Structures are given as structure tokens and as C-alpha cells.
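Quick mapping for you: the protein sequence lines, in order, are chains U and C.
Here the first sequence stands for residues 163 to 272, where the numbers follow the working numbering.
Here the second sequence stands for residues 163 to 272, where the numbers follow the working numbering.
Each hint can be trusted.
A pair holds if it fits inside one copy or across any two, identical chains being indistinguishable in the list.
Straight-line distance between alpha carbons at most 35 Å, and here's what the computed DSBU-like set of lysine-lysine pairs gives:
(1) Lys230 x Lys191
(2) Lys270 x Lys230
(3) Lys227 x Lys237
(4) Lys270 x Lys237
(5) Lys227 x Lys270
What the hints contain is simulated information worked out from the structure, not anything from laboratory work.
Since we're looking at a predicted model, the values are computed, not measured.
2 protein chains.
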Amino acid sequence: MTPPLPKKPVRGSSTGIAIMAVFDLLGRKWNMRILWELRNVPQSFRELQARCDGMSPSVLNTRIKQLKEAQLIAKTTDGYQLTDIGLSLMDTLDPLREWAASWEEAFKLE
Amino acid sequence: MTPPLPKKPVRGSSTGIAIMAVFDLLGRKWNMRILWELRNVPQSFRELQARCDGMSPSVLNTRIKQLKEAQLIAKTTDGYQLTDIGLSLMDTLDPLREWAASWEEAFKLE
DNA sequence: AAAGTTGCTACGAAATTAGTAGCAATCATA
DNA sequence: TATGATTGCTACTAATTTCGTAGCAACTTT
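Working from the sequences, and respecting the hints, build out all of it.
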């Protein structure tokens with residue numbers, strides 16, 4: 163399971179373009195959620211697991227490894243937390259919240 | 163495989179919050195990529211498949227169904243294309259390109 | 001009318017994800 | 001300082017997802 167990193171991509175993408183690596187990384191189950199849950203507070207393994215609906219520890223473990231390798235999170239004395247780049251990713255993904263709301267609206271109008 | 167929709171989520175998320183449905187939907191392999199490839203040009207099934215590195219037609223087919231159900235794409239005489247909401251999603255995701263570039267930078271500096 | 005193209009389904013194999021159990025290390029409490 | 005709880009994580013199996021190939025019916029093109 164080659165982890166997606168820029169420059170040396172990844173799962174079914176032969177292009178080598180960074181955005182494809184992003185799609186690959188974020189397209190794996192739980193990755194966005196994990197980063198999202200870490201956006202405000204550093205958390206321990208088990209805290210994180212709990213916040214992610216009790217996701218299985220084996221998967222969480224591999225996700226953590228990949229996200230660390232991708233330099234999006236790091237382990238500190240406070241637990242796992244976003245790196246600067248990781249945080250900036252969450253910042254650029256933040257408008258998703260608003261979009262999600264309008265998406266939801268669209269469904270109510272049916 | 164319950165498809166993720168707002169209000170009635172989804173795979174391992176019990177919250178019911180729209181953003182979680184987004185994470186679920188976009189967290190499935192190929193979904194972001196498919197939307198991304200459609201952002202400028204409507205495309206036929208086989209075109210789309212080709213652009214997505216020849217992804218397997220069975221998966222593409224189920225993805226198309228889900229994305230249609232989520233009202234992000236629609237089938238027209240020109241092929242599959244983004245709906246308005248789908249397009250707005252791509253707009254809010256657009257800054258990812260720039261982020262990906264800086265992410266890549268961070269790796270070069272190692 | 002023959003040959004190609006397109007959209008899609010079937011189906012078995014491979015890979016990913018889930019779930020449960022458990023264990024060594026640290027921490028807290030008594 | 002013994003005891004019990006908590007934490008971080010690994011092992012292992014089962015379930016689900018994804019892949020890959022083959023193929024077919026409905027068009028289109030020649």
C-alpha cells in the first residue's frame with residue numbers, strides 16, 4: 163500500500179502531478195476525517211479513535227503512519243497534531259463546511 | 163454500500179452532519195478525481211474512464227450512480243457533466259491545487 | 001452489412017477496511 | 001509499592017471495496 167506523497171505518486175495515477183497525490187491521499191477512507199478532528203486540538207490515539215466513530219485501531223494506525231510520512235501530522239507530547247502544512251490543508255478545506263451546508267439545502271428542496 | 167447523502171449519512175458516521183457525508187463521499191476512491199476530470203468538459207463513460215487512468219468500469223459505474231444520486235453530476239447528451247452544485251464543489255476545492263504545489267515544495271526541501 | 005465504438009454488466013481475484021482480542025508500557029490510586 | 005486502569009499499538013480473521021478481464025447489446029461509421 164504505497165502511501166501517496168507528492169512527486170512519487172500513487173495508486174492508479176501515473177501523472178506525477180501533486181494534486182493527484184492529494185486525491186489519492188484524501189481519497190482513502192478516514193484521512194480527511196482524521197485531519198479534520200485534529201484541526202483544533204491535538205489528540206491521543208484513543209481520543210482520535212473515539213472521535214472517528216470508533217474506527218478500527220489497525221486502520222487508524224496505518225493512517226497515522228501515512229499522514230506522518232506525508233508530513234501532515236506529527237506526534238508530540240500532547241498527542242498527534244497537525245503540522246503547519248497539515249493545518250494549511252485544513253484551512254483550504256474549511257470552505258467545505260459551507261459548501262456542505264448548501265448541498266444539504268439542495269436536498270431539502272426536493 | 164449506502165451512498166453518502168446529506169441528512170442521511172453514512173459509512174461509519176453517526177453524527178448526521180453534512181460535512182461528514184462529504185468526507186464519506188469524497189473519501190471513496192476516485193470520486194474527487196472523477197469530479198475533477200469533469201470540471202471543464204463533459205465526458206463520455208469511456209473518456210472518463212481513460213482520463214482516470216483506466217479505472218475499472220465496474221467501479222466507475224457505481225461511482226457514477228452515487229454521484230448522480232448525490233446530484234453532483236448528471237447525464238446529458240454531451241455525456242456526464244457536473245451539476246451546478248457539483249461545479250461549486252469543484253470551485254471550493256480548487257485551492258487544493260495551490261496547496262498541493264506548496265506541499266510538494268515542502269518535500270523538495272528535504 | 002461488416003466493423004468499430006460506446007455504455008455498461010458479470011464475475012472472480014486482489015486489496016483495503018473492519019472488528020475483536022490482547023499485550024507491554026505508562027500512569028494513577030491506594 | 002502493589003494494584004488496577006489507561007494508553008498505544010499489533011495480530012489475526014472476516015467483511016467490504018476495488019480491480020481486471022471478458023463480453024454483450026445498442027448505436028455509428030464505413
